[in-house]
Amino acid sequence: MRSAITPAAAANLVPDGATVMVGGFMGVGSPHRIIKALVVRGVRNLTLIANDTARPGVGVGKLIDAGCVSRVIASHIGTNPETQRRMLSAEIEVELVPQGTLAERIRAGGAGLGGVLTATGLGTMAGEGRMVVQVDGRDFLIEPALKADIALVAARSADYIGNLVYSLTARNFNPLMAMAATTTIAEANEVVPLGVLSPDMIHTPGVLIDYLVERPQLI
Amino acid sequence: MRSAITPAAAANLVPDGATVMVGGFMGVGSPHRIIKALVVRGVRNLTLIANDTARPGVGVGKLIDAGCVSRVIASHIGTNPETQRRMLSAEIEVELVPQGTLAERIRAGGAGLGGVLTATGLGTMAGEGRMVVQVDGRDFLIEPALKADIALVAARSADYIGNLVYSLTARNFNPLMAMAATTTIAEANEVVPLGVLSPDMIHTPGVLIDYLVERPQLI
Amino acid sequence: MDSKELIARRVAQELRNNTLVNLGIGLPTLVANYVPPGLEVYFQSENGIIGFGARPPEGMEDVHLTDAGGAFVSARPGAVAFDSATSFALIRGGHLDMTVLGGLQVDRHGRLANWMVPGHLVPGMGGAMDLVSGARRVIVAMNHTQKGQPKIVDELTLPATSLRPVTLIVTEMAVIEPTETGLVLRETAPSVMVEAVCAATGTILVVPNDVGVMSVGN
Amino acid sequence: MDSKELIARRVAQELRNNTLVNLGIGLPTLVANYVPPGLEVYFQSENGIIGFGARPPEGMEDVHLTDAGGAFVSARPGAVAFDSATSFALIRGGHLDMTVLGGLQVDRHGRLANWMVPGHLVPGMGGAMDLVSGARRVIVAMNHTQKGQPKIVDELTLPATSLRPVTLIVTEMAVIEPTETGLVLRETAPSVMVEAVCAATGTILVVPNDVGVMSVGN
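Protein chains in written order, with the working numbering: chain R, 1 to 219; chain U, 1 to 219; chain G, 1 to 218; chain Y, 1 to 218.
Please keep in mind that the hints were generated in silico from the structure rather than gathered at the bench. In this text the structure is predicted, and so the values were computed from the model without any measurement. Don't take each hint at face value.
To be verified - Listed next, the in silico EDC-like pairs over lysine to aspartate or glutamate satisfying Cα-Cα at most 20 angstroms (straight line): (1) Lys147/R / Asp139/U; (2) Lys147/U / Asp139/R; (3) Lys147/U / Glu5/G; (4) Lys4/Y / Glu14/Y; (5) Lys147/R / Asp136/U; (6) Lys36/R / Asp16/R; (7) Lys36/U / Asp16/U; (8) Lys147/R / Asp97/Y; (9) Lys147/U / Asp136/R; (10) Lys36/U / Asp65/U; (11) Lys147/R / Glu95/R.
Please put together the full structure from these sequences, using the hints given.
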């Protein structure tokens, strides 16, 4: 059992300069209320780990617009000209990672693995600076685990202990990030009583959630 | 859409000498009907990859009893004296792997990774013969991916295209193994119409299932 | 038939029954419109779903369900949702039968470049490197030339997406297969001469005796 | 109070509110009976569940729900099921606050051996190596001696479970904490003398001035 916090209180848990993972894919499945509160709070100098930076005004794009971010680790920034502009003017440093490798690196961080061996990126710019090892005669890059200070995730439903259920393509990086940070904060579209979510349908165990944001005001 | 096959037909898809992953934990969540059919068919010389060998007469223990298995890769054989007896008499070769490492190696096999880096087993017998690499100043074992010719998995529900839903602790290694074999055969306690299983509750996508065993005869 | 439709129709002939297929954003998406009758094809979107369908009616869009380009889609009965690690486990684990991607360049070894133009366009590789490294068959669907310049070249001048050669190149002029012995011209588009294809190509094509005509279905 | 209950009660005093805990098979399982009042503790079973409960009434057992020893359990409201990779991701990823395991030997560095006796007993390590390598706190709950021989020894003669030292050793005689400067005797059981503990221990114990008496709750 835990007490719900406001989006503003959630934003106050994110210090300037923190490394923050934010769930979502082109803004779908992002924790929109926490993101808005971060912009209001005026957080600065974040390292943002996310699949993409969505579009200006959308999802984590709001953090880019508001100048909250100084470094981005993502698989794609092509849909956000503001990210590209700030990258070219050296306001934001960007590290591009293949999407599957990004997912596995975050999963490894949450699962206590040092990293994974992948063929993706071998011999390309994405493989520069990586160790190469042979397993069964095949070459693989060693891709190190990725962790964060804070993970901000969004779900469709939460119960009182923070068990989470996601909806369709809004799941994406959320369950991976919920495991990979020192502190995980979740927001959900609804909070339901304990026992309403079946053990087999829960995607993220509540023990991984440090703070749950109060339900949105729908009525 | 696919046609259901009988347990006997499923057993005929498993050649002598095959490397076979079988889901289940102490027999819970094992494909019991396929296992029985394998014993009837008298399959020989299998390499069995499973968490454990259950007990004599239970789950994959039936395959041990019937002399179907010449090699076992598992995390634990302590509950099956028959496995231990056959190991000591050199009828069965046993490779013991830490349970978490076994799970990650099978997952890596299914996910196209060459392997994973783990601290589990470092400096112990489980780490013998493994490469050690440093990431961020910490030592890790390189644990190579594990694949199989055939995976035999069990679910609570399947639909017509083989989407699977597991129940409680019967899930265990099943979803991992369903991804890690050349051919995957599933049996379920019930087969339900397409659309009955919500996209968010399905644990294993039907595209991974090559053959689905017909529903059990309950009435 | 415009060139996009021609390419999409030809790529659709590569679809096989009961297979899992990923279509890239843009031109490749059109392939879904030309699935040959009688085939059951499962389309994956790498943001986490197998079995998505057409955009739903106005006012019925689910904000939690889009394709990888962020466009609203629907779900067909039997659809499955999953997280990004599972999505790429499907792609990289050999479970994806075919991917269709756009291309900026393909070299004589069949190597693709499609994710950046240094100093100009740095969108990021998204899932492209995973798809080209992991899918069983990789089909490049692109225009044969860009502003009159060949996109099929001797050596890549753009950063490679993967060292692994693609399976097939489909353009509005031709179907070309990378092989051990070079790029083989398999088919030409209707009314396109072999010489025209060779002239529009920046590297040597192997031209067999039996070059066919691009089949585009019904 | 028998020695098993004494050990289980003392280990239970190490439980913290709102934490995830894994109890090994055998003696460690008893710890769940002595959770201090007011604490919310989530118990994980490594076969894939958080929030299991007592065995259900006869005839109501679910064949799909057992603990890691294969015994029928029930599920409490808020329970979560997951696959084996996720279960060990929780254990190895630092999400498990505490694990309680049995032991065959612990050496002067606090290293545990509990998975095999060469030439005699080869059950396999199951999840033990993962638990000792991954849990934030590792508590060994075991008898102080075996057939009169010390189980706390100078050097392990049995294969190690992990090179990582355990957090605390709880026996029917004492509570001992491995530290940089050696094994420190923290508490003795009621009516057990420090000298008796030292005599039953196969390596040097650091004995501070303020050795306490084992607290066993209510």
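For each hint, the structure was consulted:
no.: 1; hint: Lys147/R / Asp139/U; result: holds (17 angstroms)
no.: 2; hint: Lys147/U / Asp139/R; result: holds (17 angstroms)
no.: 3; hint: Lys147/U / Glu5/G; result: violated (41 angstroms)
no.: 4; hint: Lys4/Y / Glu14/Y; result: holds (16 angstroms)
no.: 5; hint: Lys147/R / Asp136/U; result: holds (12 angstroms)
no.: 6; hint: Lys36/R / Asp16/R; result: holds (16 angstroms)
no.: 7; hint: Lys36/U / Asp16/U; result: holds (16 angstroms)
no.: 8; hint: Lys147/R / Asp97/Y; result: holds (18 angstroms)
no.: 9; hint: Lys147/U / Asp136/R; result: holds (12 angstroms)
no.: 10; hint: Lys36/U / Asp65/U; result: holds (12 angstroms)
no.: 11; hint: Lys147/R / Glu95/R; result: holds (15 angstroms)
When held up to the earlier numbered hints, the structure conflicts with hint 3 and nothing else.
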